[in-house]
Structures are given as C-alpha cells and as structure tokens.
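Student: So you can see what is in the structure, the chains are spelled out below.
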Amino acid sequence: MTVAMPAVIGDGPNMGCVDAASGARTTLPVIRERGQHEVFCGLTGIVWLHRKMQDAFFMVVGSRTCAHLVQSAAGVMIFAEPRFGTAILGERDLAGLADANDELDRCVKQLLERRPDVKTLFLVGSCPSEVIKLDLQRAAERLNETFFPRVRILNYSGSGIETTFTQGEDLCLKSMVPHCPDGARDVAAPELLVVGTIADVVEDQFTRLFAQMGIAPVRFFPPRHARDLPPVGPGTRLLLAQPFVSETARALMARGATLLSAPYPFGAEGTTAWLAAAAAAFDVPAELFRRVIAAPAERARKALDRYRPQLAGKRLFMFPDSQLEIPLARFLHRELGMELVEVGTPYLDRLMVSAELPLLPESVQLTEGQDVERQLDRCRAAQPDLTVCGLGLANPLEADGLRTKWSIELVFSPVHGFDQAGDLAELFARPLERAARLLV
Amino acid sequence: MQLTLWTYEGPPHVGAMRIATSMEGVHYVLHAPQGDTYADLLFTMIERRDKRPPVTYTTFQARDLGGDTAELVKASVRSAYERFKPQAMLVGESCTAELIQDQPGSLAMSMGLPIPIVPLELPAYSKKENWGASETFYHLVRTLLLPQAPAPGTPRATRPEGRRARCNLLGPTLLGFRNRDDVREITQLLAEIGVDVHVCAPLGASPNDVKTMPEADFNIVLYPEVAETTARWLQKTFGMPFVKTVPIGVGATRDFLREVGTIAGVDVEPILSRERVGDAQVSASRSLLPWYSRSVDATYLTGKRVFVFGDATHVLAAARIAKDELGFNVVGIGTYAREYARDVRDAAKAMGIEALISDDYLEVEKTIGDLAVELVLGTQMERHIAKRLGVPCAVISSPIHVQDVPARHSPQMGFEGANVIFDTWVHPLMMGLEEHLLQMFREDFEFGDGKLSSHLHSVAPRETTPQTPRETTRVTDVVPPSDVSGDHQANPEPAGAVGLAEEEGEVEPALRLTPAAGSAAMPAIAQWQASAEVELKKIPFFVRGKARRNTEKYAAAMGLSEISVDTLYEAKAQYGK
Chain Y
16 MTVAMPAVIG DGPNMGCVDA ASGARTTLPV IRERGQHEVF CGLTGIVWLH RKMQDAFFMV
76 VGSRTCAHLV QSAAGVMIFA EPRFGTAILG ERDLAGLADA NDELDRCVKQ LLERRPDVKT
136 LFLVGSCPSE VIKLDLQRAA ERLNETFFPR VRILNYSGSG IETTFTQGED LCLKSMVPHC
196 PDGARDVAAP ELLVVGTIAD VVEDQFTRLF AQMGIAPVRF FPPRHARDLP PVGPGTRLLL
256 AQPFVSETAR ALMARGATLL SAPYPFGAEG TTAWLAAAAA AFDVPAELFR RVIAAPAERA
316 RKALDRYRPQ LAGKRLFMFP DSQLEIPLAR FLHRELGMEL VEVGTPYLDR LMVSAELPLL
376 PESVQLTEGQ DVERQLDRCR AAQPDLTVCG LGLANPLEAD GLRTKWSIEL VFSPVHGFDQ
436 AGDLAELFAR PLERAARLLV
Chain S
133 MQLTLWTYEG PPHVGAMRIA TSMEGVHYVL HAPQGDTYAD LLFTMIERRD KRPPVTYTTF
193 QARDLGGDTA ELVKASVRSA YERFKPQAML VGESCTAELI QDQPGSLAMS MGLPIPIVPL
253 ELPAYSKKEN WGASETFYHL VRTLLLPQAP APGTPRATRP EGRRARCNLL GPTLLGFRNR
313 DDVREITQLL AEIGVDVHVC APLGASPNDV KTMPEADFNI VLYPEVAETT ARWLQKTFGM
373 PFVKTVPIGV GATRDFLREV GTIAGVDVEP ILSRERVGDA QVSASRSLLP WYSRSVDATY
433 LTGKRVFVFG DATHVLAAAR IAKDELGFNV VGIGTYAREY ARDVRDAAKA MGIEALISDD
493 YLEVEKTIGD LAVELVLGTQ MERHIAKRLG VPCAVISSPI HVQDVPARHS PQMGFEGANV
553 IFDTWVHPLM MGLEEHLLQM FREDFEFGDG KLSSHLHSVA PRETTPQTPR ETTRVTDVVP
613 PSDVSGDHQA NPEPAGAVGL AEEEGEVEPA LRLTPAAGSA AMPAIAQWQA SAEVELKKIP
673 FFVRGKARRN TEKYAAAMGL SEISVDTLYE AKAQYGK
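Protein chains in written order, with the working numbering: chain Y, 16 to 455; chain S, 133 to 709.
If you're looking for bench data, these hints aren't it; they were derived computationally from the structure. Some clues are possibly wrong.
Label-pair distances were calculated between CB atoms; the ranges are [claimed, not checked]: (1) K148/Y / A473/S: 34 to 44 Å; (2) E253/S / L366/Y: 21 to 31 Å; (3) E694/S / P196/Y: 36 to 46 Å; (4) E377/Y / R681/S: 45 to 55 Å; (5) T290/S / A110/Y: 17 to 27 Å; (6) A310/Y / K685/S: 18 to 28 Å; (7) P232/Y / R210/S: 19 to 29 Å; (8) R316/S / A310/Y: 38 to 48 Å; (9) P324/Y / L692/S: 44 to 54 Å.
Quick caveat: nothing in here was measured; it's all calculated off a predicted structure. No residue lacks a Cβ here, since even glycine has one placed at the ideal position from N, Cα and C.
Isolated chain Y, as found in the complex (with noise of 0.2 Å):
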C-alpha cells in the first residue's frame, strides 16, 4: 500500500496551517459503544447517487421494507419517475433461489424494456438478499451475458447488517472499480482522480482551480455517467473528497494509485489543504499555487467571518452518521471558533481521516458505533448549544429546548470548497439565527 507523504508542503501555501506531521497527538481517547444504531443503512446512498449518475440505475432487490426506506429516508418524493426502484422478494422467493433467481431476471428484463435509456444496472444487496444468499454478483455476472454492453450490470451491498449510511456509496464505487479501463501508465507523468461524490457545481470550481495551477487531466469518481469510467493506473492519484470512500480507495490502490493524504475539503483551511495535496504531488510551484487560491481562499474567509460570531464558543454535540463528523468538528472548531462536546462517528477509519485526527482539539470526545439511548444520556446532560444528529431525532430534542441541525443536509448539500465554505457555515447557523428571532 502506497500512501504519499502528509499533503502539506513545507514551503508551499501557509494559508491553511495545516501540518499534520507536527501533529504529535495521533490517538484521542475514544468511547466505542454497541447498541441502537439511529443511523441509515448503505441503501440510502441511492438518493445521491441516482441522481449524480445519469444514465445509471439502482434495483434494490430486498424486502418492502428496504423500497419503503429508500423513498421516506431522505423525503425524496420526486416528480420524474426516480431511477432507482425495488424488486420486493415475496414467499415464493423465499421458498425457492432458482425461483428467486428466475424472478430476479425477469424484473431486470421489464425494467430495462421500460427504460431503454439505462446503461449501467446496480443489483444492491439488501439484508434479506444477504441473509438469504442470493448471490447477487453471479447474478450480475450471468445478467451480463444477456445485457452487455448495452447496458452493465453491477452489484454491491447496502444491506444494514454491513454497512452504515455512506458506506453504499463506497461500495457502489468500489464494485466500478473492476471495470475502469487500465490508463494513467506513466507514475512519472500523474493523473488525478478525485473521489466520493461531490456536487457538479463544486466539481466545476475544482476543475478551473486545478487547471489554473496546470494539474492536468483531472477526473472525478463517481463520473456523471456511469459509463465513463475513469482510467486507473500507476500514474493515478487519488484525492479523496469524502471520509467514507476507504474501500474504493483501496481499491483503486490496488491497481497502482497512489493516495494522496489530505483534511477533506471544508472550510478555508481544509481546502487549501486539500488542493495542496495535489499541488504538491504534481510539483505546482509554491508561487503559483498560492496566487491561484489567494482570491477564492479570501473570498471563503470573508463568507466564514459573517458566521463566526454567531458560532464562536458556541458548545457542539455531534450524533454518528454520515462519516463527516469528524472533518466537519474540524472545521467548526478551527474555522468558526466552536467547542467540540461529543462527535460521534459510525466507524473510525484512521487511514481515511489521518490528516484530520491530529487537528482536533485534545477536550474532544470521540465516539464509535452507537448506544442511542446513552448517547440521548449524555447530550441532554451535556446540553449544547448545537445538536448534529439525524431526522429522528431533531424533533424530539427540539422540544426538549435542545437547537439541532439535521445531518442528511451536510450529504445533500454543496458544501465542498471555497465557495461553499460560508454555505456550510451557515447551515450551522441557520437553527442559532432561528431560535433568536422565534418569540413564540
């Protein structure tokens, strides 16, 4: 495994302060629990990435309860005919897999002549699918031999017995890894690869950034088609721009790309970080460097400065679920001045948030996993001034007095990069700036 050496250059732009190699501390004391998870399952990621990926679908092959999930988690009632949907097992299915098998090929057959503009097909596994052994990747496999290359089928799981919310969108990513085409050859002449899905607005302001500075091509994965894949070789540098694609990561290391270690995107200081990572791993010059960040790096800061004194000192409790917890205490601490309670996280990758452990305060707590009634224990105790935490539990701890922000917003959102920084801000704000002006 090759994992290049901490993004910040030494002599390079000192905007961003971020010197991970300094960082002494790389262990926070950290509380692991087991029990009610009030987080998503992988299935979720679909409502994201259905959209990101236009010519792609996702079948859900599970229970009613998983198509349930899908349309009421993220509220997406959406007027077009959605491109993701659910071949729901029945008893039949139950009863027999060369039934299931059968019937699963016959819903895959009436959804691609319902939507011939399909090319790419994802089988996503579900608890049941798992639990009964319906071997979706034989599946893919033998669906392939009817369907390829008119349309692919690929399969991943986003069963809850596996994965937590964001970890369907690194499976999704990882199971089109196979399938990149073999490029990016020459280690001497990289090529970089931002992963994890981002919205196409910030994608743009990156590509502009990175051409102005001469990093050059510049892909992004997921692509907005499913069938432009991007090449993968030694030559390939991988920029993550969200915590929870590790396994896509690896995968791709394995085909001889190269990681570039780097604080995720957020804020001034993480994003300067962040393409300092890139700038250092294709030798940008300093200079230029920082003359290509100087505006769109001021113009974040001055967005930040607006919020800062409504978010300064204010006392932070972060519940598990999304994987962004902890790049995101990062920035409210270090960027706007808050004190950090509590950040929960499903899982704590070190290899994924390397760069991001070492700048976080000492007085934080780390959680990993879920006791959501401990948990629900220690934030009332606690009683912080902003509350992270998912749909089910906003309400009910705003009318116990507590201010909530609800975390699906942070995955839905542009929140990435410079010019998203003062967003970003701002959804913390919005609640604070809210209770303010209610007199009722």
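Here the structure of chain Y is known, so what remains is to put chain S in place on it, guided by the hints.
Tutor: Okay, now just chain S, sitting in the frame of chain Y:
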C-alpha cells in the same frame, strides 16, 4: 418478486409502530438490523411528533448472525423495560429478523417481566402496513382484555336509566389521514346527541384505558382497516355492538348518526333536521357543503371526470361524496388495500365502472392517463402522477406527506369534515369564469405558462428562455400533453416529503428581457459573461433570482461592466445566501 418504484404501504412492522406510537405506556421491541430506524422519522418528521417513537431496535449485524442474536433480543427487552417502564410491551421482528427465526416474542414471554407481553408475528413477505396495524391492535386489545372476558353466552347488562350512552372510538392512528382532527370532530358530534366517548384507541389510549373498554355500551369503528378485526372480537367476546358507517361526507354523517341513534338508543332527529340536505340554510346548519354545492357558481363542477384512489375507507367515502354531493362523474375508483377489494369492487359496480385493485404505482398512473380525468382524488402518489399529467389533484388518503398534517383543525369526518372536503377538492379546479376566459383567449401569452389556475402559483418556474407556446393549456383539455416526459425530467420537484424543500426562495420572473433590451432599459446593469450565465444556472431555481439580483447589485456597487464567474462568487461572499 415484484418490481416496485413507490410503495403505498410500508411493511407490517411499520403498522405495529403506528399502534405503539399512537398510544401511551406501550413500548415495542423490534428485532431488526441497522437502517430500520428510518421509520422513526415518519413520526418525527411527517407527523412532527415531539417524542421519539417508543421503539427499541436490537440492531443486529452480520457478525452477530453466527452468534447469539437471541441474547441480543433479551438484552434489548430487559433494558427497554428498565428504561421506559411501559404498562405493556409489544415484541416482534422486521423482515430480516423473520428469516433468522429467533422468535423474539416467545423469548420475551419467557423472561417473566411483570407486564403483559404481546408477541407479534407479522409476515413481512406477504403482508403490509395496514394489516400489521390491525393485527397489532387486535392482539394488544385481546391480551389486555381476555382475563376479563365473561363466560360465553353471558347477557350484556343494559345501560342504567339516567346514565348517558358511552362508546369507544376505534381505529385512529398516527400517519392516518387527518385522524387527530376526525377524533375531535366526532367526539363533539357525539356529545351533541348525548353520547360520551369513553376510550379512543389506539390514538391517545394507554393499556390501562384499554382495560376499561368493556365499560362502554358500544364501539364505533372509524377506520375499518385498523379496527374492524378488534371490533368484531369485542362484539363476540363482550357482546358490544359496533357502528359500521364511516361518517365522511354529509350523507354518510347522517347515516352514521342514525346508526348511532339506533344502537345507543338516543334521539338524533333534532340534529338531522338542523343539518338538513336539500334546503340547507347557511345560518342554521353547520354543514355548508349542501348549500355551496347548490350555489350557482358551483354549476361548473357538474360532470367533472374524477378518479378516486387510496385506502378503502377514504375511497368509498370520496366516491359517494363526488357523485352525490358535488355532482362529479366518478370515472375510475381503486384501492391499494387488497383486504377491502370486495367493498371497492361493489361500489364500482354500483356506479357502472371497473375498480382498480393494485399497489402498482405505474398501473395507477396508466389508468389515470387512459381515463383522461379532470380531477384526481388520491394519495401523495397520485398527487405526483397528477402533477406529471397536469391534472388538478386533492389528497384524500394515506400515505401522507408533511403537508397533510396541517396545523389548523382540518377533519374529514362529520359536517365540518364535509366542509373541509368541499374546499379542498374545489380549490385545485379552475373557477368557472376563468375557464371561460381561457377558452376564449387561449393565445394570451400568460395563459401559455402552464395549466394551473391563476390563484395557484406554479411549482416549477420557467427558465429564462421563454417557452414555446403550447397549444393545449387549459385544464379541460383531457389529453395529456405529449411533451410531459421531457418536461418533468427537466423540472424535478424539489425533494420534500419530510420538508427538505426550500420553496420559500424567490422565483425567477417568467419572462426576462433580453440582455440588450435590459441594458437599454436599466443602464446600470452589468453584462453577464456567457460562462457566468452558465454558472448561474447551476444554482437551484428557487434561489436563482435572488443570486442574479445580488450579483448585479454587487457589480453595480463595484462599478463593473461585466459579470464573470468570479463576480458571481464575490457577490455571494459579500451578501451570503
């Protein structure tokens, strides 16, 4: 295996959650993997509940499967009992746990807890939400009341002279359509005729309340999907008669009052003569529907083609109202509730049409399109279908959306409920005179903007480029426009089932001057570079107008003659969102 895009009903354990969450003092331990907690947000977001559902999930993982998931169930039951101290506990499993066969109900029964434990077996691969709610309510009531059951054949004591008649209201739950308001309305209506509500269950009742249910004289089944099974058992076991008419609509409310009068032995003639039909008087009656329907402005409602779809209770009631109380033509009727297929088929037959019994959203959509309807009365699913087809729609049944839980009192049942229904169904339709104007002057460019009437603002505002004028723009043109598929793809509705939508944003004007004309009229406005204009389009439409104005204001303040992508973001940093 059934390919499904949207589901009308959740799995049966969500039905059980509706019972548990509607009640007080009940806790539900659900053997389920991570992810099934999504159902909590149905209650905390759609219903805006201020408390978490009283549900503990065992959250088993793949690595537990080889080990002792049964012990996990027991530990969850024990800690839920200690923490919540419920009066009764439901114990069951979701779809995945059903496959691993831990029998959580039996496990819990064996633990010797000092409260009634109700084991739930709700087959997730063959049954659905409403069935799950009905079974759960029945088993809970049966468990709590069986110890009091009299010997078979024991005659029921008659109501003592001088005591007012008492009834139980059965069936209202959370996530039901306007159930909370119906309970208030019917309780008030019954009070007027001298009948007291003893227990209302599940909504608001505790197990201790349920134990007193036989003290009432009779039961009223407001929602048969949830309560009919329970009411039949109470009739058989305790000899309690029950009222079967569902009081939705003026006619049905009158029938309901007569049925209550007969069973309870109370005189309902005074209220029936006050709430007359035919010659209803605005000043005398609370029910305005009969008079509003007879008012001359309502003549345009005559014979409108209506399609009705939803749960059986609301569909049967809506079809009757549509036909007998508003003078519509019911051209299609259907339900996703297979348990009540026969009733809906019978109703369809009586109206000379075929019933659609299906939970396939695509089939419902096709039927609505084929029938060329003018008004859809359905669920949130049909609201989406109607929007796609450009047909007005009113929601009459679950599954519901956050907007179906209004802050105001908004019942469906009783005379006030009929008034609410009149307003709700007539509102999406075009007013009579406006319809005429559209027919006479259809080339007016403002009529070309969409199919909605002028008192309703359009959902997806137009882009800056003017649309090519459409030929068919009025709502009475029954053939769906051929460009619908392209249109809906281009203008997805903002996500919003639980309130993610931000529709408060400012919308872009329907027609904007071209840049050249704009600069001539308003010389201070800087020119947009093509790349900046493209960038602006990436901003969601509901805030785009504001972003455009802020950028132009910023450019003017800075004395810029051109707006670049950077100017756009400079302005954003300057003004915030």
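Student: All hints, please: hold or fail.
Tutor: Outcome of the hint check:
1. The hint said 34 to 44 Å for the Cβ distance between K148/Y and A473/S, and at roughly 35 Å that hint holds.
2. The given range of 21 to 31 Å is broken by E253/S and L366/Y, whose C-beta atoms sit roughly 44 Å from each other.
3. In this structure the hint that E694/S and P196/Y lie 36 to 46 Å apart at CB holds, the actual value being about 41 Å.
4. Separated by about 46 Å at the C-beta atoms, E377/Y and R681/S satisfy the suggested range of 45 to 55 Å.
5. The given range of 17 to 27 Å is broken by T290/S and A110/Y, whose C-beta atoms sit roughly 53 Å from each other.
6. Take A310/Y and K685/S: their Cβ atoms lie about 20 Å apart, and the range 18 to 28 Å holds.
7. At roughly 59 Å, the beta-carbon separation of P232/Y and R210/S lies outside the given 19 to 29 Å, and the hint is violated.
8. Restraint check, R316/S to A310/Y: a C-beta distance of roughly 60 Å breaks the suggested window 38 to 48 Å.
9. Distance hint check for P324/Y and L692/S: the Cβ-Cβ separation is about 29 Å, which falls outside the suggested range of 44 to 54 Å.
Taken one by one, the earlier hints fail for this structure at numbers 2, 5, 7, 8 and 9, listed in ascending order.
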